[in-house]
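*Asks:* Based on the sequences and whatever the hints tell you, model everything.
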Amino acid sequence: MEHILDTQIVIWALTDCKKLSKSVLKILTDNENILFASQNSLFEISIKQKIGKLPLFTSDTNSFCNQLIADGFGFLQIKNEHIAAYENIPLHDDNRDPFNRLLLATSVAENIPVISADEKFLLYKDVVQLFFND
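Numbering (my numbering) for the sequence shown: 423 to 556.
It should be emphasised that the hints constitute simulated quantities derived from the structure, not laboratory data. Even for Gly, the Cβ is constructed at its ideal location relative to N, Cα and C. Be a bit skeptical, because a hint or two may be false.
Stated by the list, open to error - Straight-line alpha carbon distances no greater than 20 Å define the calculated SDA-like cross-link-like pairs of lysine to any residue that follow:
no., residue 1, residue 2
1, Lys501, Pro535
2, Lys470, Asp519
3, Lys501, Asp540
4, Lys542, Lys501
5, Lys542, Asp452
6, Lys472, Ile456
7, Lys440, Asp452
8, Lys444, His425
9, Lys441, Gln489
10, Lys448, Glu424
11, Lys475, Glu541
12, Lys440, Asp540
13, Lys475, Thr437
Unchecked claim - Here are the computed distance ranges between Cβ atoms for each label pair:
no., residue 1, residue 2, range
14, Arg518, Pro477, 19 to 25 Å
15, Asp493, Phe465, 29 to 35 Å
16, Asp482, Gln430, 17 to 23 Å
17, Glu541, Asn484, 29 to 35 Å
18, Lys448, Asn533, 32 to 38 Å
*Replies:* Okay, structure coming up:
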């Protein structure tokens with residue numbers, strides 16, 4: 423089965439697997455699954471590193487991408503269809519994060535479930551297939 427990983431799950435998968443639930447870790451380690459990181463997440467990580475919001479994550483973008491590839495992750499490029507699907511993602515007062523919303527739109531457009539630890543993603547459980555890191 424294919425899965426899109428939210429940015430935090432991607433970071434934890436490479437740096438701190440202890441933060442992943444048993445159910446998510448099982449998905450990530452099952453060789454039958456195809457795991458994707460979104461270019462959206464790479465952009466989010468780059469921005470957050472630049473403004474100091476990820477002080478413990480020191481890997482540069484190229485090294486991070488190379489590690490994801492070495493670990494068998496695929497990348498989902500941002501497509502026009504993802505941007506078009508963004509219009510159909512409900513805008514909640516509790517979640518105006520454009521990175522989250524584009525990742526959700528990608529999940530809808532590609533019809534691939536998303537794995538997240540962000541409780542705000544639960545607002546969209548009727549819109550996307552969600553595996554939550556509980």
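*Asks:* Each hint: holds or not?
*Replies:* Hint by hint, here is what the structure shows:
1. In summary, the hint linking Lys501 to Pro535 is supported, as the alpha carbons are separated by about 17 Å, within the 20 Å threshold.
2. As the CA atoms of Lys470 and Asp519 are separated by approximately 13 Å, the hinted pair is consistent with the 20 Å bound.
3. A hinted pair counts as satisfied when its Cα atoms are at most 20 Å apart, and Lys501 with Asp540 does not qualify at roughly 24 Å.
4. Under the criterion of a C-alpha separation no larger than 20 Å, the hint pairing Lys542 with Lys501 is inconsistent with the structure, at around 24 Å.
5. Under the criterion of a C-alpha separation no larger than 20 Å, the hint pairing Lys542 with Asp452 is inconsistent with the structure, at around 26 Å.
6. Taken as a hint, the Lys472 and Ile456 pair is broken in the structure, with Cα atoms around 30 Å apart against an allowance of 20 Å.
7. A hinted pair counts as satisfied when its Cα atoms are at most 20 Å apart, and Lys440 with Asp452 qualifies at roughly 17 Å.
8. Between the alpha carbons of Lys444 and His425 the distance comes to roughly 16 Å, so the proposed pair stays at or under 20 Å and holds.
9. Between the alpha carbons of Lys441 and Gln489 the distance comes to roughly 19 Å, so the proposed pair stays at or under 20 Å and holds.
10. The hinted pair formed by Lys448 and Glu424 meets the criterion: a straight-line CA distance of about 14 Å does not exceed 20 Å.
11. Proposed proximity of Lys475 and Glu541 is supported: the alpha carbons are some 19 Å apart, at most 20 Å.
12. Using a Cα cut-off of 20 Å, the hinted pair Lys440 and Asp540 holds, with the two alpha carbons roughly 16 Å apart.
13. About 16 Å separates the Cα atoms of Lys475 and Thr437, which keeps this hinted pair within 20 Å; it holds.
14. Here the CB-CB span from Arg518 to Pro477 is close to 24 Å, well matched to the stated 19 to 25 Å.
15. Taking the beta carbon of each, Asp493 and Phe465 are about 20 Å apart, not inside 29 to 35 Å as hinted.
16. In this structure the supplied range 17 to 23 Å holds for Asp482 paired with Gln430, their Cβ-Cβ distance being about 19 Å.
17. Our hint of 29 to 35 Å for Glu541 and Asn484 holds, since their Cβ atoms are close to 31 Å apart.
18. In this structure, Lys448 and Asn533 break the distance hint of 32 to 38 Å, their C-beta atoms being roughly 22 Å apart.
Hints 3, 4, 5, 6, 15 and 18 from the earlier list are contradicted by this structure; the remaining hints agree with it.
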